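In case you want the letters, here they are:
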Amino acid sequence: MSDSRLDVRKTYKLLINGAFPRSESGRSYEVTTATGEFLANVAQGSRKDLRDAVAAARAAQAKWWGSTAYNRGQVIYRLAEMAESRRAELAEHVAFAEGLSAKKAQKSVSRAIDRMVWYAGWTDKIAQVFGGANPVAGPFFNFSLPTPSGVVAVIASQDSSLEGFVDEVLAPISAGNTVVVISSERRPTPSILLGEMTATSDFPAGVLNIVSGITAELAPTLASHEDVDGIDLAGVVGDEANELSITAAASIKRVFRPNENDTATTTRRLRAFIEISTVWHTIGQ
Amino acid sequence: MSKDDYGVKIPRASTVPSVGSEAQLRAHLAALSGVDAAGAEARAAKLATRSIKKSTKLAAIDLAISMVDLTTLEGADTPGRVSSLCAKALRPDPRDLTVPSVAAVCVYPDLVAHARSVLAASPVAVASVATAFPSGRASFNVKLLDVHEAVVAGANEIDMVIDRGAFLSGRLGQVFDEVVAVKEACGEAHLKVILETGELVTYDNVRRASWLAMLAGADFIKTSTGKVAVSATTPVALVMLEAVRDFAETTGRIVGVKVAGGIRNTKDAMKYLVLVNETVGSTWLTPDLFRFGASSLLNDLLMQRLKQRRGAYVRPDGFSGD
Amino acid sequence: MTEKKLANSQLGSLEYDPAPESASIARLKPSYGLFIGGSFSDPSKHEQFVTLNPANEEVLATVAQASAGDVDAAVAAARHAYETAWSKTTGAERSKYLFRIARLIQERARELAVVETLDNGKPIRESRDVDVPLAAAHFFYYAGWADKLDHAGFGADPRPIGVAGQIIPWNFPLLMAAWKLAPALAAGNTCVLKPAETTPLSALILAEILQQADLPPGVVNIVTGNGTTGAALVDHPGVDKIAFTGSTNVGRLIQQRVASSQKRLTLELGGKGANIVFEDAPIDEMIEGIIDGIFFNQGHVCCAGSRLLVQESIADEVLRRLVRRVEQLRVGDPMDKNTDVGAINSAAQLARIQELTAFGEREGATRYTSSCVLPEKGYWFAPTIFADVSQSHRIAREEIFGPVLSVLTFRTPEEAVAKANNTNYGLACGVWSEKGSRTLWVAQRLRAGVIWANTYNRFDPTSPFGGVRESGFGREGGRHGLEAYLNV
Chain A
7 MSDSRLDVRK TYKLLINGAF PRSESGRSYE VTTATGEFLA NVAQGSRKDL RDAVAAARAA
67 QAKWWGSTAY NRGQVIYRLA EMAESRRAEL AEHVAFAEGL SAKKAQKSVS RAIDRMVWYA
127 GWTDKIAQVF GGANPVAGPF FNFSLPTPSG VVAVIASQDS SLEGFVDEVL APISAGNTVV
187 VISSERRPTP SILLGEMTAT SDFPAGVLNI VSGITAELAP TLASHEDVDG IDLAGVVGDE
247 ANELSITAAA SIKRVFRPNE NDTATTTRRL RAFIEISTVW HTIGQ
Chain B
20 MSKDDYGVKI PRASTVPSVG SEAQLRAHLA ALSGVDAAGA EARAAKLATR SIKKSTKLAA
80 IDLAISMVDL TTLEGADTPG RVSSLCAKAL RPDPRDLTVP SVAAVCVYPD LVAHARSVLA
140 ASPVAVASVA TAFPSGRASF NVKLLDVHEA VVAGANEIDM VIDRGAFLSG RLGQVFDEVV
200 AVKEACGEAH LKVILETGEL VTYDNVRRAS WLAMLAGADF IKTSTGKVAV SATTPVALVM
260 LEAVRDFAET TGRIVGVKVA GGIRNTKDAM KYLVLVNETV GSTWLTPDLF RFGASSLLND
320 LLMQRLKQRR GAYVRPDGFS GD
Chain C
251 MTEKKLANSQ LGSLEYDPAP ESASIARLKP SYGLFIGGSF SDPSKHEQFV TLNPANEEVL
311 ATVAQASAGD VDAAVAAARH AYETAWSKTT GAERSKYLFR IARLIQERAR ELAVVETLDN
371 GKPIRESRDV DVPLAAAHFF YYAGWADKLD HAGFGADPRP IGVAGQIIPW NFPLLMAAWK
431 LAPALAAGNT CVLKPAETTP LSALILAEIL QQADLPPGVV NIVTGNGTTG AALVDHPGVD
491 KIAFTGSTNV GRLIQQRVAS SQKRLTLELG GKGANIVFED APIDEMIEGI IDGIFFNQGH
551 VCCAGSRLLV QESIADEVLR RLVRRVEQLR VGDPMDKNTD VGAINSAAQL ARIQELTAFG
611 EREGATRYTS SCVLPEKGYW FAPTIFADVS QSHRIAREEI FGPVLSVLTF RTPEEAVAKA
671 NNTNYGLACG VWSEKGSRTL WVAQRLRAGV IWANTYNRFD PTSPFGGVRE SGFGREGGRH
731 GLEAYLNV
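Going down the list, the sequences are from chains A, B and C.
Heads up, the first sequence is in my numbering, so the first residue is 7 and it goes up one at a time.
Heads up, the second sequence is in my numbering, so the first residue is 20 and it goes up one at a time.
Heads up, the third sequence is in my numbering, so the first residue is 251 and it goes up one at a time.
Think of the hints as simulated: they come from the structure by calculation, not from any bench.
Quick caveat, the model's predicted, so the values are computed rather than measured.
Hints may be right or wrong, so weigh each one.
[Stated by the list, open to error] With beta-carbon atoms standing in for the labels, derived distance ranges: (1) C:Asp400 to B:Thr68: 39 to 45 Å; (2) A:Arg28 to C:Ser642: 36 to 42 Å; (3) B:Pro30 to A:Gly144: 37 to 43 Å; (4) C:Ile275 to B:Arg328: 44 to 50 Å; (5) C:Glu626 to B:Leu51: 44 to 50 Å; (6) C:Gly341 to B:Leu51: 38 to 44 Å; (7) B:Asp81 to C:Glu626: 49 to 55 Å; (8) B:Asp81 to C:Ile275: 27 to 33 Å.
C-beta atoms are modelled at their ideal positions from N, C-alpha and C, and glycine is treated no differently.
All chains should be modelled from the sequences, with the hints used to inform the complete structure.
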């Protein structure tokens, strides 16, 4: 017997509405490791895939926000558990994608998993930390409740294939948004693996939708989509980011652009896709 | 819609629903819309900012004087005191005969005969509190006798108190039956039903008690005895005015409103007239349908009346202290 | 007493004599310059425009038209003040400046109310009882924040952004200036404020107040002018933050124009607020709330309850009472203390209201218009209700920004929420019911930044205000209002 068994390769597909379709376009593109070796043919998402993904996200949003904050925390924590149990595989792909040593890739995966835990713990704190009661001068009970913006588009970081991705999608998701994300164009496989894990993490279909493909081709579709409420431009810079910002303005989207001052503990990204809804109710006998 | 279609619409045929049982009454009152306290208070406060000036103010002052039930309800009341009150009621300002008489004098039952004899055939009515005023804490028979004696002594109007204890404990039928019986005992005399809103506390109770009294036959609903901590307030008056408006629109029967207690000056009186004006409208702007139960109010109305005419402030001692 | 005559009672038939506030209290000057660097100056290009009293079309004053050069000077003054004075002023000192400003507004309240009513056309009762007291309250509220920013929940030692460019609308001129300036100054920013073209005067009185308060020169600069002035401010590279209140169309343009810059942005835009009325609502207060919701400030309110969603079972009764109540509104001279509905702010706004209401009739809605007599001069529109309106009608979808209510019906709470949310806007909604659990159920599902339950059009400096979706982003008021002016 030889140990040079021919391995069974995996097809990397999209995640839309809890299912893993190939692109509607039928196309795929070649993804290589950081050192240039063939890694996989990854589904090349199309505008129609994005349309379906946004529709799925919209359909899932009310239910996701309608579930209890406790439950949302459980779901995200379950994802951390899944990631922990498949950390070797994640680390392997982070190493492929980012050209890291095995040890550095392991550390990156550890940080990413810890970040999932961080967000799992946020779900039921957001209302308390960002909401509040307001002492208005009159016979009214008045409270401000953070609510999700709705459907958030994420142009995932091109470099940070897992850590960045986790932050970018879980910040809005933990606040009750649903997400359509365009994964890193050259380094998509760690995010696709994570997407597969959501299938075993009680993530309701449509909460996280991942479309891999060519960023420049896909991003304008999300920026111009009227039923997208906010957009995180983590994976684009310079003129491309400016153009997308201008496009997003047509429907008054919330636009998040990372800046160098953002630290691991900043809540800026979390706050980016939260709306403060203030309810007044009269008080009287 | 033509302009005439706006305003309060009162059907020509009277169709007061019959209340056959306590359950029916309870269902009727439960079906009434709730009152949002903050909203009612805000509405009353907003109307209180109306600015009444010049000829409107002069007309409103005379109207208010004609709506006063000049009241003395003290343990120390004597025939002499009632005599001077009656004189004041007939001629509020002896120096100026254009000042109208007040609507009524309001006294305890034992002084009704005396008041009646002093007022003789004048248009000023004699009103008497009855039914164990102000607490209403006496047996039913005593209350009825109280009413009967006042009517026999010549009272044109009876101001009864409801049994607040019965109302608050849910014995609505008992309250209803008492009003019906008192109304019957009144005969020709008109019945004002005092809700004592300060003890009913909530606006929902005020609205329900208003309807209960009207369904039972009240000619007037009245806020207060003046003998508890909280007397008439503008939001309570607003809720009662809304009740008489809705009752008139539903049944065709027009019931009056009397506000009593704590109304001491012209500014207060103007606020109530604005409330009447903008809640139920012109039909109610008559002493037949709106009254002020007060004592010191009258002198302030007279002072303001003179000030409006003279253009200079006047001294209180220019008016009798009755 | 005799049997009552069964006449139909005319509401409000006790005719009130005119009770006009005196215009001389305004002490207006014939002309006003630009407020830059702590003093008034003539515009560099010597261009001016007039501001009218919309109630009689008379000229109130001549006002400077700021050029791009003037805006540049104002931004430079703000930058200089930021670097040399305001950023070196402690929170405690900033706090005292704001308290001073609040007090001065109270001291000059009557003057400000008269100026506001003359320039805007709103009833003096509203400028006196709402606009001016709330403006003062806003400064009082944020005064207390200036030295407590560490406790505002945005992390330790939050820093200001720098120079804020602020563009405000004509519907609440002084109040919107307070909403913009108070949090900006508390957080340590300096400001360039551009009042609306048709209502510049109260901001210029506020400039005098800032002088009386000894606010360091350049901390607040006020540039009057038209849209070109606003555009110059939006585009100015020296501005770090833009705050805009106005229409969604202009907001969209501003968002596009600042998209490629590092400028921070908050937008408070239009709305088409749904006022949802359930059959168990407290009916009398609800009728008042609907009236307040749409006729307050002539309906020139971004959060106006311009769509009434009424449960079918009480629709006829509600409409009957509303029509009766509309007929009772006192429309006319804004300076009369008893006026409920004043003048439309401008000829252009009147034309817009007329255009949209004409569509309402053409699309088949049933129109009820108050029979009030409108003054001959000035810009006026009688309070109007449209019944039998469908979701697809323009008057149910577009912001009219005038005294026009569209009435629609629903059958279930679910349907009410669906109809309320069926709009690109999301600023404010009302819910009327005596059933608390259902009210909260509805409130949870409404996509709106503000939800009033059993009340409408209430404002308070402690309560955050702002929209979702195309009604804008960012909040004004409350702790949340600080975020727009902090680098966090």
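Right, here's what the structure says about each hint:
For the hinted restraint 39 to 45 Å between Asp400 (chain C) and Thr68 (chain B), the CB-CB distance of approximately 42 Å keeps it satisfied. For the pair Arg28 (chain A) and Ser642 (chain C), the beta carbons lie near 39 Å from each other, so the given range of 36 to 42 Å is met. A hinted range of 37 to 43 Å for the beta carbons of Pro30 (chain B) and Gly144 (chain A) is consistent with their spacing of about 39 Å. Take Ile275 (chain C) and Arg328 (chain B): their Cβ atoms lie about 28 Å apart, and the range 44 to 50 Å is violated.
At about 45 Å, the CB distance of Glu626 (chain C) to Leu51 (chain B) agrees with the hint of 44 to 50 Å. Here the CB-CB span from Gly341 (chain C) to Leu51 (chain B) is close to 54 Å, at odds with the stated 38 to 44 Å. The hinted range of 49 to 55 Å is not satisfied by Asp81 (chain B) and Glu626 (chain C), whose Cβ atoms lie roughly 34 Å apart. Between Asp81 (chain B) and Ile275 (chain C) the C-beta distance comes to about 32 Å, which sits within the given range of 27 to 33 Å.
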